[in-house]
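Going by numbering that gives the first Met the number 0, the sequence shown opens with residue 0, and the numbers climb by one from there.
Hints listed in this document are in silico derivations from the structure and should not be mistaken for laboratory results.
Don't take every hint at face value.
[To be verified] As a list, the in silico DSSO-like pairs of lysine-lysine whose alpha-carbon atoms are at most 30 Å apart:
id, residue 1, residue 2
1, Lys58, Lys18
2, Lys31, Lys5
3, Lys18, Lys115
4, Lys63, Lys5
5, Lys82, Lys120
6, Lys46, Lys5
7, Lys46, Lys31
8, Lys115, Lys5
9, Lys114, Lys82
10, Lys58, Lys46
11, Lys31, Lys63
12, Lys114, Lys5
13, Lys63, Lys115
14, Lys120, Lys5
15, Lys5, Lys18
16, Lys5, Lys58
17, Lys5, Lys82
18, Lys82, Lys58
19, Lys58, Lys115
20, Lys31, Lys82
21, Lys46, Lys114
22, Lys46, Lys82
23, Lys120, Lys46
24, Lys58, Lys120
25, Lys115, Lys46
26, Lys46, Lys18
27, Lys31, Lys58
28, Lys82, Lys115
29, Lys82, Lys63
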Amino acid sequence: MDSPSKLTLRSENLYKLYKSRTVVNNVSVNVKQGEIVGLLGPNGAGKTTTFYITVGLIKPNQGKVFLEDEEITQLPMYRRAQKGIGYLAQEPSVFRTLSVEENILSVLEMTNLPKKAQLEKMESLLEEF
0 MDSPSKLTLR
10 SENLYKLYKS
20 RTVVNNVSVN
30 VKQGEIVGLL
40 GPNGAGKTTT
50 FYITVGLIKP
60 NQGKVFLEDE
70 EITQLPMYRR
80 AQKGIGYLAQ
90 EPSVFRTLSV
100 EENILSVLEM
110 TNLPKKAQLE
120 KMESLLEEF
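Generate coordinates for the entire structure from the input sequences, incorporating the hints supplied.
Set out below in structure tokens:
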């Protein structure tokens with residue numbers, strides 16, 4: 000029996016400039032659903048900017064972001080969240096008083112999943128750790 004295919008989040012040829020400074024230069028990343036991927040490099044190498052472009056916090060000057068074959072480069076974060084792409088900052092935020100479960104649910108509530116499915120998804124995500 001074949002296992003269900005996993006979605007791929009793909010960034011291709013990303014460029015980001017701030018004024019005249021290039022902070023991301025031709026970066027491409029592929030992440031399959033369930034994978035854990037690290038971006039390594041010194042401070043100022045563009046790791047955070049690449050991540051922010053991928054999740055929709057900022058727009059690239061050039062390059063594209065795809066979820067499977069759908070280009071999502073111009074989609075706002077809330078639309079990406081509805082497709083299952085979430086971002087939770089590691090820095091203290093307005094959600095620091097929430098439990099891990101509540102933080103996960105805060106992202107899942109942006110999806111079109113029914114409440115029961117959100118709870119099931121939260122449980123499956125917690126089991127991964």
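Against the earlier hints, flag every one the structure doesn't satisfy and list their numbers going up.
-> Hints 3, 13, 15, 19, 21, 25 not satisfied by this model.
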